[in-house]
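Work the whole structure out from these sequences, hints included.
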Amino acid sequence: MTDATVSECLADWLTGLELDHIPAPARQAAADTILDTVCLTVAALETDYGRAVRAAFPDPGGATVWGLGEGRSPEAAAVINGTCGHGEDYDNTFEGCPVHSGVVIVPALLAAAERYGLSATDVARGLIAGIEVMCRLGLVADKAVHKAGFHPTGVLGAMSAAAGVATALRLDRTGIRNALGVAGSTASGIIEYLADGSSTKRLHPGWAAQAGMRAAAMGAAGFTGPSSVFEGTHGFFHAFSTPVATEFAPLLDDLGSRWESARLAFKPFACGTMTQPYVDCAIDLARRGIRPEQVERITCDVGEGTVHRLWEPLDVKRRPPTPYAAKFSGPYCVAAGWIWGDAGLAQFTEEAVRDPRALALAAKVSFRIDPENEYPSNYTGHIKAELTDGSVVESHVPCLRGGARAPMSREDLLVKARANLVFAGRDPAHAEGLAAWADALMAGGGPVAMDALRC
Numbered sequence: 001m002t003d004a005t006v007s008e009c010l011a012d013w014l015t016g017l018e019l020d021h022i023p024a025p026a027r028q029a030a031a032d033t034i035l036d037t038v039c040l041t042v043a044a045l046e047t048d049y050g051r052a053v054r055a056a057f058p059d060p061g062g063a064t065v066w067g068l069g070e071g072r073s074p075e076a077a078a079v080i081n082g083t084c085g086h087g088e089d090y091d092n093t094f095e096g097c098p099v100h101s102g103v104v105i106v107p108a109l110l111a112a113a114e115r116y117g118l119s120a121t122d123v124a125r126g127l128i129a130g131i132e133v134m135c136r137l138g139l140v141a142d143k144a145v146h147k148a149g150f151h152p153t154g155v156l157g158a159m160s161a162a163a164g165v166a167t168a169l170r171l172d173r174t175g176i177r178n179a180l181g182v183a184g185s186t187a188s189g190i191i192e193y194l195a196d197g198s199s200t201k202r203l204h205p206g207w208a209a210q211a212g213m214r215a216a217a218m219g220a221a222g223f224t225g226p227s228s229v230f231e232g233t234h235g236f237f238h239a240f241s242t243p244v245a246t247e248f249a250p251l252l253d254d255l256g257s258r259w260e261s262a263r264l265a266f267k268p269f270a271c272g273t274m275t276q277p278y279v280d281c282a283i284d285l286a287r288r289g290i291r292p293e294q295v296e297r298i299t300c301d302v303g304e305g306t307v308h309r310l311w312e313p314l315d316v317k318r319r320p321p322t323p324y325a326a327k328f329s330g331p332y333c334v335a336a337g338w339i340w341g342d343a344g345l346a347q348f349t350e351e352a353v354r355d356p357r358a359l360a361l362a363a364k365v366s367f368r369i370d371p372e373n374e375y376p377s378n379y380t381g382h383i384k385a386e387l388t389d390g391s392v393v394e395s396h397v398p399c400l401r402g403g404a405r406a407p408m409s410r411e412d413l414l415v416k417a418r419a420n421l422v423f424a425g426r427d428p429a430h431a432e433g434l435a436a437w438a439d440a441l442m443a444g445g446g447p448v449a450m451d452a453l454r455c
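In terms of full-length UniProt numbering, the sequence shown opens at residue 1 and continues consecutively.
Keep in mind the hints are simulated off the structure, nothing from the lab. Keep in mind that the hints are not guaranteed to be accurate.
[Said to hold, decoys possible] 20 Å max Cα-Cα, derived SDA-like pairs, lysine to any residue: (1) Lys-364 <-> Ile-339; (2) Lys-143 <-> Glu-374; (3) Lys-364 <-> Ile-290; (4) Lys-384 <-> Pro-292; (5) Lys-384 <-> Arg-287; (6) Lys-384 <-> Leu-359; (7) Lys-384 <-> Ile-369; (8) Lys-147 <-> Ser-188; (9) Lys-384 <-> Glu-372; (10) Lys-364 <-> Pro-321; (11) Lys-364 <-> Asp-284; (12) Lys-384 <-> His-396; (13) Lys-364 <-> Pro-292; (14) Lys-364 <-> Val-307; (15) Lys-147 <-> Tyr-375; (16) Lys-384 <-> Val-307; (17) Lys-143 <-> Arg-263; (18) Lys-364 <-> Tyr-375; (19) Lys-384 <-> Glu-296; (20) Lys-147 <-> Leu-314; (21) Lys-147 <-> Glu-304; (22) Lys-143 <-> Glu-247; (23) Lys-143 <-> Asp-370; (24) Lys-364 <-> Asp-315; (25) Lys-147 <-> Thr-246; (26) Lys-364 <-> Val-393; (27) Lys-364 <-> Glu-247; (28) Lys-143 <-> Pro-371; (29) Lys-384 <-> Ser-366; (30) Lys-384 <-> Val-295; (31) Lys-384 <-> Thr-246.
Since the model is a prediction, treat every value here as computed from it, not as a measurement.
Structure (structure tokens):
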């Protein structure tokens with residue numbers, strides 16, 4: 001029996017974590033995360049929100065904005081890199097709770113590396129620790145953070161970035177505990193962007209990255225935060241989850257022997273995670289030769305926890321007001337997969353989301369809550385299409401492509417990375433160099449050179 005708080009138990013593990021304790025699958029997932037995250041950031045630099053966030057955080061400094069020659073302060077670089085990396089909702093996630101760890105932890109740790117001159121060994125330790133903590137906090141949160149109206153990536157990300165940076169800095173138990181306590185008061189991110197597809201969701205991981213960096217710096221300086229930040233009567237989960245999460249075994253059990261960070265999911269499509277199996281279902285039906293004009297009605301069996309984000313209000317979801325809103329529209333994503341055989345960056349432009357064919361098919365899409373749906377422990381897709389001749393066809397996808405049950409290979413990720421660099425007008429050959437750089441970082445060693453990140 002221990003009287004230690006949750007943050008103290010977590011700090012005890014983090015202070016003893018060494019790189020050679022971390023198995024190869026977790027290191028590989030972290031290297032793949034760097035590749036995926038950096039190329040997504042570069043792809044978004046010249047979008048409207050990419051230019052806006054760069055203009056909003058002009059603070060000069062020596063930290064790298066990936067894909068640019070110019071530097072920013074470490075905190076500004078973390079905000080810009082995290083915001084652009086998440087901007088197209090094409091970044092990695094986690095089954096169990098859809099947290100986007102890469103676009104929080106990679107910006108935070110690489111900016112911290114430049115600020116503090118950290119070694120590759122310590123950056124790798126901190127990066128994997130931050131991802132691991134974020135995934136495990138997602139398991140604690142389950143669906144409760146979304147139900148409370150908050151974005152798990154934003155609120156859980158601040159805590160996890162603090163844990164990762166504090167680990168990289170080799171803070172002691174008290175320093176890590178205080179960093180986590182401070183981060184609980186800097187975490188933020190509401191999901192009202194669902195109403196109109198505005199850009200605040202894009203900001204949440206970048207904001208969490210810099211919040212975690214600042215919290216770790218304050219913990220290192222001796223600034224105190226509540227030790228009971230997670231489980232307290234007025235603590236983190238009391239504020240950010242409905243119902244209040246009180247079971248912390250998923251966070252603390254089997255630390256160092258069970259690596260959730262080895263089970264990251266990488267996205268084949270540039271849209272909300274829970275829509276992706278339905279896109280694959282639609283592609284399957286199109287490949288069977290079923291044309292959109294043959295379709296009378298489409299019903300998607302869905303998990304109850306996805307409805308308020310992807311399916312309601314149904315009239316709005318059938319005609320998403322912006323390309324970004326379309327990424328969180330079950331009907332539009334189904335239509336995109338059926339018509340174009342893809343849901344990549346090209347399917348979420350102004351022209352695409354106004355395409356009469358897509359809107360006509362999306363108007364035929366409805367949903368049914370399936371009480372047997374496994375969400376959030378498994379992301380499945382099931383479409384039933386009633387055709388104009390009276391026949392019915394169905395497609396079922398048993399798991400998320402790119403997830404733990406059907407992972408993407410390194411070559412799959414390189415294909416995606418090259419395409420994102422081409423989208424940005426960059427040389428796709430940079431993807432191989434970046435992948436090699438990420439692998440070398442995860443092997444540990446001396447100082448970290450950032451030249452590969454300029455792409």
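Hints versus structure:
Proximity of Lys-364 to Ile-339 is assessed by CA-CA distance (about 14 Å); at most 20 Å being required, the pair is judged to hold. Restraint check: the Cα-Cα separation between Lys-143 and Glu-374 comes to about 12 Å, which is no more than 20 Å; the hinted pair holds. Of the supplied pair hints, the one linking Lys-364 and Ile-290 holds, its CA atoms being roughly 15 Å apart against a limit of 20 Å. Proposed proximity of Lys-384 and Pro-292 is supported: the alpha carbons are some 14 Å apart, at most 20 Å.
For a cut-off of 20 Å, the pair hint linking Lys-384 to Arg-287 stands: about 15 Å separates their Cα positions. Straight-line distance between C-alpha atoms of Lys-384 and Leu-359 comes to about 19 Å, which keeps the hinted pair within the 20 Å bound. Between Lys-384 and Ile-369, the direct Cα distance comes to roughly 13 Å. Compliance with the 20 Å bound is thereby established for this hinted pair. Pair hint Lys-147 plus Ser-188 holds up; C-alpha atoms about 15 Å apart against a cutoff of 20 Å.
Distance restraint check for Lys-384 and Glu-372: the Cα-Cα separation of roughly 16 Å lies within the 20 Å cut-off, and the hinted pair is therefore satisfied. For the given pair, Lys-364 sits about 17 Å from Pro-321 by alpha-carbon distance, which is consistent with the 20 Å threshold. Between Lys-364 and Asp-284, the direct Cα distance comes to roughly 18 Å. Compliance with the 20 Å bound is thereby established for this hinted pair. For the proposed pair Lys-384 and His-396, the alpha carbon gap of about 9 Å is at most 20 Å, so the pair holds.
Proposed proximity of Lys-364 and Pro-292 is supported: the alpha carbons are some 10 Å apart, at most 20 Å. Our distance criterion of 20 Å between C-alpha atoms is met by Lys-364 and Val-307, whose separation comes to about 17 Å. Between Lys-147 and Tyr-375 the alpha-carbon distance is near 14 Å, which keeps this suggested pair within the 20 Å criterion. Between Lys-384 and Val-307 the alpha-carbon distance is near 18 Å, which keeps this suggested pair within the 20 Å criterion.
Annotation: proposed proximity of Lys-143 to Arg-263 holds, straight-line Cα distance about 19 Å (limit 20 Å). Distance check on the hinted pair: Lys-364 and Tyr-375 sit about 24 Å apart at the alpha-carbon level, beyond 20 Å; violated. As the CA atoms of Lys-384 and Glu-296 are separated by approximately 11 Å, the hinted pair is consistent with the 20 Å bound. A distance of roughly 19 Å separates the Cα atoms of Lys-147 and Leu-314; the hinted pair therefore holds under the 20 Å criterion.
At roughly 11 Å between alpha-carbon atoms, Lys-147 and Glu-304 fall within 20 Å of each other, so this suggested pair holds. Proximity of Lys-143 to Glu-247 is assessed by CA-CA distance (about 13 Å); at most 20 Å being required, the pair is judged to hold. Restraint check for Lys-143 and Asp-370: the C-alpha separation of about 16 Å stays at or below 20 Å, so the hint holds. The hinted pair formed by Lys-364 and Asp-315 meets the criterion: a straight-line CA distance of about 11 Å does not exceed 20 Å.
Annotation: proposed proximity of Lys-147 to Thr-246 holds, straight-line Cα distance about 15 Å (limit 20 Å). The suggested pairing of Lys-364 with Val-393 holds, with an alpha-carbon distance near 15 Å, which does not exceed 20 Å. For the given pair, Lys-364 sits about 42 Å from Glu-247 by alpha-carbon distance, which is inconsistent with the 20 Å threshold. Restraint check for Lys-143 and Pro-371: satisfied, since their Cα atoms lie roughly 15 Å apart, inside the 20 Å limit.
At most 20 Å may separate the alpha-carbon atoms for a hinted pair to count; Lys-384 and Ser-366 meet this at roughly 10 Å. About 10 Å separates the Cα atoms of Lys-384 and Val-295, which keeps this hinted pair within 20 Å; it holds. About 39 Å separates the Cα atoms of Lys-384 and Thr-246, which puts this hinted pair outside 20 Å; it is violated.
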